[in-house]
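*Asks:* Listed below are the residues making up each chain.
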Amino acid sequence: MDAAVRTSGLTRRYGGRAVVDGLDLEVPRRSLFALLGPNGAGKTTTFAMICGFVRPHSGRIEVLGQPSSRLPLRRISALPQDAHFHPERTVWDAMIFLAELQGLPPPRARSEATRVLEVVGLWDSRHLRGRELSHGLAKRFGVAQAFLGEPELVLLDEPTEGLDPRNAHAVREMIRQMARTATVLVSSHNLAEVEDLCDHAAILDRGRLVTQAPMADLTGQDQHLFLRLAEVGHEVATALASLPGVRSVETEEDGHRLHLMLRPTEGQSIDRLVTDVLRVVIDRGALIGSVTRGRRLEERFLELT
Amino acid sequence: MNAWQDAWRIARFDLETALRTRRLVLWFAIYLLVALITAMVLVKIETSVGDQIGTLRALAQAPAGTDEEANKFLKGLSFLTGGDTEIALQMVRMPLIVTGFFWSILTFLPGLILLTSHDMINGEVRNRSTRFVLLRTTRTALLLGKTISHLSLALVATLLANLLVLIYGAVRLPSMPLLQTSGLLLRFFALGIPYALCWVSLTALVSSLLDSGPRSLVTLGVLLMVFQVLSLNSDVGFLSPLSHRLGLWSGDLLKVGMSVAIYLIFAGVFWAGTWWRITRRDL
Numbered sequence: 001m002d003a004a005v006r007t008s009g010l011t012r013r014y015g016g017r018a019v020v021d022g023l024d025l026e027v028p029r030r031s032l033f034a035l036l037g038p039n040g041a042g043k044t045t046t047f048a049m050i051c052g053f054v055r056p057h058s059g060r061i062e063v064l065g066q067p068s069s070r071l072p073l074r075r076i077s078a079l080p081q082d083a084h085f086h087p088e089r090t091v092w093d094a095m096i097f098l099a100e101l102q103g104l105p106p107p108r109a110r111s112e113a114t115r116v117l118e119v120v121g122l123w124d125s126r127h128l129r130g131r132e133l134s135h136g137l138a139k140r141f142g143v144a145q146a147f148l149g150e151p152e153l154v155l156l157d158e159p160t161e162g163l164d165p166r167n168a169h170a171v172r173e174m175i176r177q178m179a180r181t182a183t184v185l186v187s188s189h190n191l192a193e194v195e196d197l198c199d200h201a202a203i204l205d206r207g208r209l210v211t212q213a214p215m216a217d218l219t220g221q222d223q224h225l226f227l228r229l230a231e232v233g234h235e236v237a238t239a240l241a242s243l244p245g246v247r248s249v250e251t252e253e254d255g256h257r258l259h260l261m262l263r264p265t266e267g268q269s270i271d272r273l274v275t276d277v278l279r280v281v282i283d284r285g286a287l288i289g290s291v292t293r294g295r296r297l298e299e300r301f302l303e304l305t
Numbered sequence: 306m307n308a309w310q311d312a313w314r315i316a317r318f319d320l321e322t323a324l325r326t327r328r329l330v331l332w333f334a335i336y337l338l339v340a341l342i343t344a345m346v347l348v349k350i351e352t353s354v355g356d357q358i359g360t361l362r363a364l365a366q367a368p369a370g371t372d373e374e375a376n377k378f379l380k381g382l383s384f385l386t387g388g389d390t391e392i393a394l395q396m397v398r399m400p401l402i403v404t405g406f407f408w409s410i411l412t413f414l415p416g417l418i419l420l421t422s423h424d425m426i427n428g429e430v431r432n433r434s435t436r437f438v439l440l441r442t443t444r445t446a447l448l449l450g451k452t453i454s455h456l457s458l459a460l461v462a463t464l465l466a467n468l469l470v471l472i473y474g475a476v477r478l479p480s481m482p483l484l485q486t487s488g489l490l491l492r493f494f495a496l497g498i499p500y501a502l503c504w505v506s507l508t509a510l511v512s513s514l515l516d517s518g519p520r521s522l523v524t525l526g527v528l529l530m531v532f533q534v535l536s537l538n539s540d541v542g543f544l545s546p547l548s549h550r551l552g553l554w555s556g557d558l559l560k561v562g563m564s565v566a567i568y569l570i571f572a573g574v575f576w577a578g579t580w581w582r583i584t585r586r587d588l
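Protein chains in written order, with my numbering: chain A, 1 to 305; chain B, 306 to 588.
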């Protein structure tokens, strides 16, 4: 696989405790990849090692085809967690400085700074100094600087944490836009957001990799179908169970939800199978409340960690 | 990517940032006040005992060994120069305001550097602001930029102090040879560059080894005292950067060159240590 980031046996200890423990991770190029895990799972340390801020005790890291000792600077950008810019400098000064350091000529640096500050809603606060920024504004500064230029790999540690819904939406849109040309690695506790945003995910727990897969495989989009019906009749359940490609049918929760395990037969597409399932339900006059393909990421996360 | 270009960019930004901090402005003001007080005292001495100093200067100008009184005077003065009569003679030959002021620069500049730059590395590691920079440039460029900026701060302070002393001296001492004094101040300013670089590099080293700003300040203060004590010892005194200050006064170019070279070696060793540490530590 052509990987933007590849780690093997990556280990980092703090005070004798392995915070990241033999991590083998592969982030495919041009993917929108989520790094998930409970608090203390080692996500931030993994980010910091990929960025070269923190040295691993053992293992290897390859970033955009280069070993971590020769990190391809300016081709990577990051939103580091808990990083604060100089308290005495204004947002604008700092953004121009970073844009120029990114290698952008002064006129382009100014236009880029303007663009990213507008995206994160920080344009009106550009004259505030670092020490005058609230937590939310400081976070927006961090996100904005990660969007400067045209990086090939963007690492965002909790990008929407502390942002109001409007700015969080703008940042998500920006992430989607960047993912058209770059690999984006996101860490977040907001699983609904990650599920909606990302196409791949890895789950860490206590420094170890629990699983890593495309989002569709992780949530079982091709294996699970949930139907919420006004009333689940015996006839509907039996008819569904007899459909080719349906492995099992279970009634869940309050008796209004059907959980179908699917495995398409040879030559049968998953979309065709889902359509057949819905036709059976409609033909039997059942009222459909909702249809969900795959399990919620949150359910899988709770199962695995 | 040009590491030097990045270093200059970092230095410029860091310098502008430093000049906006209250702590730096306060220490700059105190340093300039000390310079002004030194100039006032030196002018006072020059005006009160100028005639006697002139006589001594004339005696000292005589070739060594030809005048008994002059030799006695120089021997007495060489107590201040570690027994080196050549440097004592050189000091006497210069206008008092230059001698006194250069002495005060050599004495107070390390203190100013310690106070203003003790957290030059660990301050940025603590608030993790380096992380915004490190994906855009190398750790070496970052260290170079920080060194240039803090050296510039020390030199700006020295230059301002020089100007202050020169202006004050020119106003209060009409007989002061302005051209000669300016030339000497300029010369000593230039000689102060390797001296300042040595202390900036030491400060960077300690600041990269310790994560707490106050702890690095205390450590640097202790080191300064240790160097002071070491410099009094004739066997191991050469290990102290403070021992080589007197060479900068010398009229003998070879001695001045030796002294400058020693400061550059000290600076190189401290800087290499900082580089070694900063390219291996978590930031």
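Everything labelled a hint here was simulated from the structure, so no lab data went into it.
Every value quoted in this text rests on a predicted model; they were computed, and no experiment measured them.
Beta carbons: idealized from backbone N, C-alpha and C, even for Gly.
There's no promise every hint is true.
What the hints assert, rightly or not - To list a few chain A residues with every Cβ distance to chain B over 10 Å, as calculated:
| id | residue |
| --- | --- |
| 1 | Ala-3 |
| 2 | Arg-29 |
| 3 | Gly-40 |
| 4 | Ser-68 |
| 5 | Pro-80 |
| 6 | Asp-82 |
| 7 | Pro-105 |
| 8 | Pro-107 |
| 9 | Glu-118 |
| 10 | Ala-216 |
| 11 | Pro-244 |
Stated by the list, open to error - Short, incomplete list of chain B residues facing chain A, as computed with Cβ under 10 Å:
| id | residue |
| --- | --- |
| 12 | Ala-323 |
| 13 | Lys-349 |
| 14 | Thr-352 |
| 15 | Asp-389 |
| 16 | Leu-440 |
| 17 | Arg-441 |
| 18 | Thr-442 |
What the hints assert, rightly or not - Now the in silico label distances, taken between C-beta atoms and shown as ranges:
| id | chain 1 | residue 1 | chain 2 | residue 2 | range |
| --- | --- | --- | --- | --- | --- |
| 19 | A | Asp-254 | B | Arg-431 | 52 to 62 Å |
| 20 | A | Glu-118 | B | Gln-310 | 24 to 34 Å |
| 21 | B | Glu-391 | A | Pro-67 | 55 to 65 Å |
| 22 | A | Arg-176 | B | Gln-310 | 30 to 40 Å |
| 23 | B | Gly-542 | A | Pro-38 | 57 to 67 Å |
| 24 | B | Ile-342 | A | Asp-164 | 29 to 39 Å |
| 25 | B | Leu-324 | A | Arg-17 | 49 to 59 Å |
*Asks:* Indicate, hint by hint, whether the structure satisfies it.
*Replies:* Here is how each hint holds up against the structure:
1. The claim that Ala-3/A lies off the interface holds: its Cβ sits roughly 19 Å from the closest Cβ of chain B, which is beyond the 10 Å cut-off.
2. Once the 10 Å rule is applied to beta carbons, Arg-29/A is consistent with being away from chain B; the minimum gap is 18 Å.
3. Against the 10 Å criterion, Gly-40/A stays outside the reach of chain B, whose nearest CB is about 18 Å from its own CB.
4. At the 10 Å boundary, the C-beta of Ser-68/A stays outside the reach of chain B, the nearest C-beta of that chain being 12 Å off.
5. Annotated as non-interface, Pro-80/A brings its C-beta within 10 Å of a C-beta of chain B; the closest such distance is 4 Å.
6. Consistency note on Asp-82/A: stated as away from chain B, yet its beta-carbon is not over 10 Å from all of that chain's, at 6 Å minimum.
7. The claim that Pro-105/A is not at the interface with chain B holds, since no C-beta of that chain comes within 10 Å of its own (minimum 12 Å).
8. Non-interface call for Pro-107/A relative to chain B: holds, since the shortest CB-CB distance, roughly 16 Å, exceeds 10 Å.
9. Interface exclusion of Glu-118/A from chain B stands, the closest Cβ pair being 20 Å apart, more than 10 Å.
10. Distance to chain B confirms Ala-216/A as a non-interface residue, since its nearest Cβ pair spans about 31 Å, more than 10 Å.
11. Every C-beta of chain B lies more than 10 Å from that of Pro-244/A, the closest at about 53 Å, which supports listing it as non-interface.
12. With a cut of 10 Å, the hint placing Ala-323/B at the interface with chain A holds, because the nearest CB-to-CB distance is about 9 Å.
13. Checking Lys-349/B against chain A by beta carbon gives a least distance of about 39 Å; that is not within 10 Å, so the hint is violated.
14. This hint is violated: Thr-352/B has a C-beta 43 Å from the nearest C-beta of chain A, more than the 10 Å allowed.
15. The interface hint given for Asp-389/B is broken, as the beta carbon of that residue sits about 45 Å from the closest beta carbon of chain A, more than 10 Å.
16. For Leu-440/B, the interface hint holds, since its Cβ comes within 10 Å of a Cβ in chain A; the closest pair sits about 5 Å apart.
17. Annotation: interface hint on Arg-441/B holds; nearest CB of chain A at approximately 4 Å, less than 10 Å.
18. For the restraint placing Thr-442/B at the interface with chain A, the shortest Cβ-Cβ distance is roughly 6 Å, inside the 10 Å limit, so the hint holds.
19. A C-beta distance of roughly 54 Å is found between Asp-254/A and Arg-431/B, which places it inside the suggested range of 52 to 62 Å.
20. Hint check: Glu-118/A to Gln-310/B, Cβ distance near 28 Å, so the stated range 24 to 34 Å holds.
21. Distance hint for Glu-391/B and Pro-67/A: a CB-CB separation of about 57 Å, consistent with the stated range 55 to 65 Å.
22. Judged by the Cβ atoms, the range 30 to 40 Å given for Arg-176/A and Gln-310/B holds: they are separated by roughly 34 Å.
23. The supplied range of 57 to 67 Å is met by Gly-542/B and Pro-38/A, whose beta-carbon atoms lie about 59 Å from each other.
24. Evaluation of the 29 to 39 Å hint for Ile-342/B and Asp-164/A yields a failure: the beta carbon distance comes to about 55 Å.
25. Range check, Leu-324/B to Arg-17/A: Cβ separation about 43 Å, and the 49 to 59 Å hint is violated.
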